[in-house]
Amino acid sequence: MTTPSRPALTLAEVAALVRGQLRGDGGVVIAGVNTIRDAGDRELTWTVGEPHTRKLATSRAAAVIGPTDLPATPMPAVLVSDVEAAIATVLERFLPDRWAPSLGVHATALVDSTAQLGGGVAIGPYVVIGPRSVIGAGTVIHAGAFIGADCEIGEQSTLWPNVFIADRCRLGRRNIVWSNAVIGRDGFGFIAREGRHRRIPQIGTVVLEDDVEVGACSCIDRAKCGETRIGAGSKIDNLVQIAHNVRTGRGCILVGQAGVAGSVHLGHGVVLGGQVGVTDGVEIGDGTMLTAQSGVTRSLSSHLVAEGKPAQERHRALREQAAARRLPELLDEIRELSKRVRRLEIATDHSASD
Amino acid sequence: MTTPSRPALTLAEVAALVRGQLRGDGGVVIAGVNTIRDAGDRELTWTVGEPHTRKLATSRAAAVIGPTDLPATPMPAVLVSDVEAAIATVLERFLPDRWAPSLGVHATALVDSTAQLGGGVAIGPYVVIGPRSVIGAGTVIHAGAFIGADCEIGEQSTLWPNVFIADRCRLGRRNIVWSNAVIGRDGFGFIAREGRHRRIPQIGTVVLEDDVEVGACSCIDRAKCGETRIGAGSKIDNLVQIAHNVRTGRGCILVGQAGVAGSVHLGHGVVLGGQVGVTDGVEIGDGTMLTAQSGVTRSLSSHLVAEGKPAQERHRALREQAAARRLPELLDEIRELSKRVRRLEIATDHSASD
Amino acid sequence: MTTPSRPALTLAEVAALVRGQLRGDGGVVIAGVNTIRDAGDRELTWTVGEPHTRKLATSRAAAVIGPTDLPATPMPAVLVSDVEAAIATVLERFLPDRWAPSLGVHATALVDSTAQLGGGVAIGPYVVIGPRSVIGAGTVIHAGAFIGADCEIGEQSTLWPNVFIADRCRLGRRNIVWSNAVIGRDGFGFIAREGRHRRIPQIGTVVLEDDVEVGACSCIDRAKCGETRIGAGSKIDNLVQIAHNVRTGRGCILVGQAGVAGSVHLGHGVVLGGQVGVTDGVEIGDGTMLTAQSGVTRSLSSHLVAEGKPAQERHRALREQAAARRLPELLDEIRELSKRVRRLEIATDHSASD
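Protein chains in written order, with our numbering: chain A, 1 to 354; chain B, 1001 to 1354; chain C, 2001 to 2354.
Worth flagging that the hints you see were computed from the coordinates, not collected in a lab. Every value quoted in this text rests on a predicted model; they were computed, and no experiment measured them. Don't take each hint at face value.
Claimed, not checked - Taking lysine to any residue and the SDA-like style, the derived pairs with C-alpha atoms no more than 25 Å apart in a straight line are:
#: 1; chain 1: A; residue 1: K339; chain 2: C; residue 2: A2347
#: 2; chain 1: B; residue 1: K1339; chain 2: C; residue 2: D2082
#: 3; chain 1: B; residue 1: K1339; chain 2: C; residue 2: I2346
#: 4; chain 1: C; residue 1: K2339; chain 2: B; residue 2: L1331
#: 5; chain 1: A; residue 1: K339; chain 2: C; residue 2: S2338
Stated by the list, open to error - DEER-style ranges, computed between Cβ atoms:
#: 6; chain 1: C; residue 1: R2060; chain 2: B; residue 2: Q1021; range: 56 to 64 Å
#: 7; chain 1: C; residue 1: R2060; chain 2: B; residue 2: A1107; range: 45 to 53 Å
#: 8; chain 1: B; residue 1: A1107; chain 2: C; residue 2: D2286; range: 53 to 61 Å
#: 9; chain 1: B; residue 1: S1299; chain 2: A; residue 2: A57; range: 53 to 61 Å
#: 10; chain 1: B; residue 1: A1107; chain 2: A; residue 2: T114; range: 13 to 21 Å
#: 11; chain 1: C; residue 1: K2055; chain 2: A; residue 2: E345; range: 49 to 57 Å
#: 12; chain 1: C; residue 1: Q2116; chain 2: B; residue 2: R1037; range: 54 to 62 Å
#: 13; chain 1: B; residue 1: S1299; chain 2: A; residue 2: S301; range: 34 to 42 Å
#: 14; chain 1: B; residue 1: R1037; chain 2: A; residue 2: P71; range: 53 to 61 Å
#: 15; chain 1: C; residue 1: H2303; chain 2: B; residue 2: R1037; range: 49 to 57 Å
#: 16; chain 1: C; residue 1: A2085; chain 2: B; residue 2: G1118; range: 39 to 47 Å
#: 17; chain 1: B; residue 1: A1137; chain 2: C; residue 2: A2322; range: 52 to 60 Å
To be verified - Computed from the model, here is a short list of chain A residues facing chain B with C-beta under 8 Å:
#: 18; residue: R168
#: 19; residue: A243
#: 20; residue: R247
The beta carbon of each residue, even a glycine, is placed where N, CA and C say it ideally should be.
All chains, full assembly: derive it from the sequences and hints.
Take a look at the structure:
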C-alpha cells in the first residue's frame, strides 16, 4: 500500500521528543511504531515490564521504549518514567493526517441562512445544518452529517459522516462524534392506556460538555424535560445506549455496547465495562467501576469495583462465582453427607434400642 | 440559549387542558414543564405520590399536577385522576415544533419516476427513493434517508435522517423510524459446506404494521422467505436487533439493545427489557415481560414476569439469586457440618467398639 | 403488492436445478418458496426431517424438497442428499433482482480525482470517495457511502447506503458491508493522567480479507498500531462491536450484538453467539463456539462449545446451571441435615454421658 506516512525520526530524536534517556545507538531510523510481535526493523516498540520485556529477545523492532529500570535489551532503548504517555506522544508524531473537508462550506452543504458558522469551520459535502444553529470556530463536519435547528456545536469539534444531531442539542468544545451516532432522539417513554402505547412527548434536550467523545452508532436520547447531560471529558465507545434524563459526571468511560436506562446518575469518573447495563433511576458513585456485562439494579456507592448481576462489590462477586463453580460437587457432597447422617441415625437408633 | 419555545399558559388554562381541578392561584404563569428537582419558578412539575410528593417542599416549581388525593402543597396544584396522562398532555402542549423538510420534494432528492408520492409529503434533501415505491400521504422523510425499490411507506409516517429501507419492505401508517435504523437487511443465514459459509438467499421481506416506532440504529432483517413482521403499535428502542422471520404481536415493547434471534414469535404486548436476548425459534406468550439482560432459551407462556438466564418465572429466579448470594457461607456451613458428622462417626464408632 | 418476481418453474425444473429425484407430478408450477406453515399453493417448501415432516399434512405447499428417505407426502416431492443446500439453490433462483446504482459514477457522487475505479463499478448518488482510494472492478457502492483517503475496496464488493470506511482501511474481494456499518473508527484507547483521559493516537488500520460480510450498524475499530484483521470468509451480523487490534481467523461467525474487546485473537471458524462478550487480550482456539450471551474472560482452547460467564465448557456450565436451579431446595436440605446432626449430637452426648 502507498499510504502517505509521516517522515522518519532518529532514535535520538525520539528520545528528545519524549524527554527520555537514550541507551545505545541514537542514529537508528524510526519510521513507525508497532507491537513487539509485529514491529519491523524500522519500527519502534514498547514495554511496560514483564512478561513483555522478555519477548523483546525475538522482536525485530529497531528500538524500544521502556521504564527506567529496563534490563539490557537486544536493541537500543529509550528509558522514561511513563512509558504509556511516551508511546502516546510518539504515536501522535506518526499519526497520518486525516482526510477532512476543506475549510469553508462545501458547495453541496445546505446551511440554513440563519445558522451561524465560526471562523475556520470546515463543512463537508451533503451536510445539512438547520435554522439558528451555531457552529463553533475550527469545527469540522464531515459529509452527510445532519444538524437540526437551534443546536450548538462547540469550537474545535469533529463530527464524522452521517452523524445526526437533533434539534436543540448542545455540544461543548473539542467534542468528537463518530459516524452514525444519534444525539437527541426522543426518549423512549410511553404510557399504556386502553391497550395502546401513547407517546410521552420529550421536550428536553441533550447536553454534551467539553471534551466529550461519542463512538460510532451510539445513541444519546433527549430528556423528557430538562436535559440528558454527559459530563466534561467523558468518553463513550461504539454502540452505547444512553436513555433520557441520564446525567454523568466528568471523565466517565462507557465501553462498547454499554446501556444506561432512564434517569440514571453516574458520578465523576465512573467506568462502565463493555455490555454493562444499568437500570433506570439508579445512582452510581464517583470512581466506581463496573466490569464487563455487569447488570446494575441498585444504586452503588463510590470507588467500588463491582461485578455480576445484580452487580455487587467485586471480591464478593468473585467468591460467589467460585462457590457456584463448586456447586455440582457440592450436591454430591451433600448427598454423601446425608447418607452418612442416615447411617449414624440408624446406628444411634440401634444403640438407643440396645 | 434562544430556543424558540411555545407560548406560556396560566395554571387555569393548564387545568382546563387536562380537565383537572384547580387548587390555588389559577393565574400563575406556566412556561414549561420540568422534574421536581429541576423545575424553575415558571415551570410546572408533577407527582404521582410518595416519595415524590414530600420533595415538593424544596421544589421551586410554580405549580404541580398530582392525584386527586394530593395533600396540601407549597405551590398551587391541578388535581387529576391520571397524572401520567395529564402530564403527557401538557408536555405535548409545550413540545417545540420540530424542524422538518418543507412540503414537497427537495430539489436534491432523487425520487424515481415510477415512485408514487401521496399528498402532502415532505421529502428532504439527498433522499433517495427507488422504482415503484409508494409513499403515503402526509409522510415526512428527512435528509439522506434511502428507500429501495417496491417499498410501501404508510401515511403520516416519519423517517429520520439516514434511515435505510431495503427493497420490498412495507411500513404501515403513522410509523416513526429513527436515524440510521436499517430495515430489510438480508437475514443472517449461512450454510457451512466444505469449510465455507454459503449465503442462504433471503427472498422474504419486512412488514411493520401501523403505529410502529423503530429506534435509532436498530436493525430489522428481512425474512428468508415470507415476512419478518412487527405488530401494530409495537415500540422498538435504539440499537435493537430483530433477526429474520421474527413475528411480534400488537403493542410489544423492545427496550434498548434487546436482541431477538431468527423465527422467534412474540405474542401481543410482550415486553423485552434492555439487553434481553431471545434465542432462535422460541415463542413467548401474550403479555409476558422479561426483565433487563435476561436470556430466553426456551418458550415462555403468557402473562409471566420472567428473569435471568435461562429466563424463568421471576419469583423463582429471585429465590435462586438470593440462594446464590448465600453460597460462600453455605460452603463454610457444609464444611462445618461435615466435621461434626465425622466427630459423630468417630464417637459412634468408639461407642460401637466399646 | 406488485413486487416484480422471478418467473415460475415446474417442479421438474426444480428437480433438475438441484439435481434431485422427482417424486410425483413434475408439472406442478412453483412460483416461490416458503415455510411449511406459510407456503401457498404455488410455493415450494422443505423439510429436513421430523418434527417438520409431519406438519406437511396440513401445509398448502405445492411441493416439498426433502431428504432421500422422506416418507410419502401429500404433495409431490424432490428428494436430495443435502436439503439445506438444495433449498439455498432454489432461493437463489427466486431471489428478486436488487435495485442498485447504475454502472458508472452517479452525477452527484464525489470521487476524488486521484482515486482509481476498476471496470464495471457502480457508484451511487451522494457517495464520497477520498484521495488515492482504489475501488476494485465490479464493486457496487450505494448512496451516501463514505470512503476516506487511501482505502482499498476489493473487486465484486457491495457497500450499502451510508457505510463509513475511514482512511487507509483495506477490504478484500467480494466483501459485503451493510448500511451504517463503521469501519476504521479510532480504537477506544485513552490513558488517564492528572484526572483527564488523554487519547492514545491510533495509527493502525483495518483489514477485511476476501469474502467478509459486515452487518448493519456494526463497528470495526482501527488498530492502535498494525492492523485489526478479519479473516477470509468471516461473517459478522448486525450491531457487532470489534475493538482495535482484534484478529480473527478464517470463516468466523459473529452473531448480532456480539462484542470483542481490544487485542482479542480468534482462531479459524470461531462462532460467537448473539450478545457474547470477549474481554481484551483473550485468545480463542479454532472452531470454538460460544453460546449466546456468554462472557469470555479467559483464553479458551480449540473445538470447545462453551457457555456462561465466565465461559467454560458447555457440559460443565449446564451442570452448574442445573445445580443452581436446585439451590433454594438445597438450602432447605442443609438446614434439615443440620438439625438431624444436632439431634444426633445430643443423642450421642447423652449416650456418652450415660
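Here is how each hint holds up against the structure:
1. For the hint pairing A:K339 with C:A2347, the CA-to-CA distance comes to about 18 Å; that is within 25 Å, so the pair holds.
2. Taken as a hint, the B:K1339 and C:D2082 pair is broken in the structure, with Cα atoms around 61 Å apart against an allowance of 25 Å.
3. In summary, the hint linking B:K1339 to C:I2346 is supported, as the alpha carbons are separated by about 16 Å, within the 25 Å threshold.
4. Restraint check: the Cα-Cα separation between C:K2339 and B:L1331 comes to about 17 Å, which is no more than 25 Å; the hinted pair holds.
5. Taken as a hint, the A:K339 and C:S2338 pair is honoured in the structure, with Cα atoms around 13 Å apart against an allowance of 25 Å.
6. The hint said 56 to 64 Å for the Cβ distance between C:R2060 and B:Q1021, and at roughly 60 Å that hint holds.
7. In this structure the hint that C:R2060 and B:A1107 lie 45 to 53 Å apart at CB holds, the actual value being about 49 Å.
8. Hint check: B:A1107 to C:D2286, Cβ distance near 55 Å, so the stated range 53 to 61 Å holds.
9. The supplied range of 53 to 61 Å is met by B:S1299 and A:A57, whose beta-carbon atoms lie about 57 Å from each other.
10. At roughly 20 Å, the beta-carbon separation of B:A1107 and A:T114 lies within the given 13 to 21 Å, and the hint holds.
11. Hint check: C:K2055 to A:E345, Cβ distance near 55 Å, so the stated range 49 to 57 Å holds.
12. Against the hinted window of 54 to 62 Å, the Cβ-Cβ separation of C:Q2116 and B:R1037 comes to about 59 Å, which satisfies the hint.
13. A beta carbon spacing of about 40 Å between B:S1299 and A:S301 agrees with the range 34 to 42 Å that was offered as a hint.
14. Judged by the Cβ atoms, the range 53 to 61 Å given for B:R1037 and A:P71 holds: they are separated by roughly 58 Å.
15. Distance hint for C:H2303 and B:R1037: a CB-CB separation of about 56 Å, consistent with the stated range 49 to 57 Å.
16. Evaluation of the 39 to 47 Å hint for C:A2085 and B:G1118 yields a pass: the beta carbon distance comes to about 44 Å.
17. In this structure, B:A1137 and C:A2322 meet the distance hint of 52 to 60 Å, their C-beta atoms being roughly 57 Å apart.
18. Residue-level restraint check for A:R168 holds (minimum Cβ-Cβ distance to chain B is 5 Å; threshold 8 Å).
19. Here the hint on A:A243 is kept, as its CB sits about 7 Å from the closest CB of chain B, short of 8 Å.
20. The interface hint given for A:R247 is broken, as the beta carbon of that residue sits about 10 Å from the closest beta carbon of chain B, more than 8 Å.
The structure shown violates the earlier hints numbered 2, 20.
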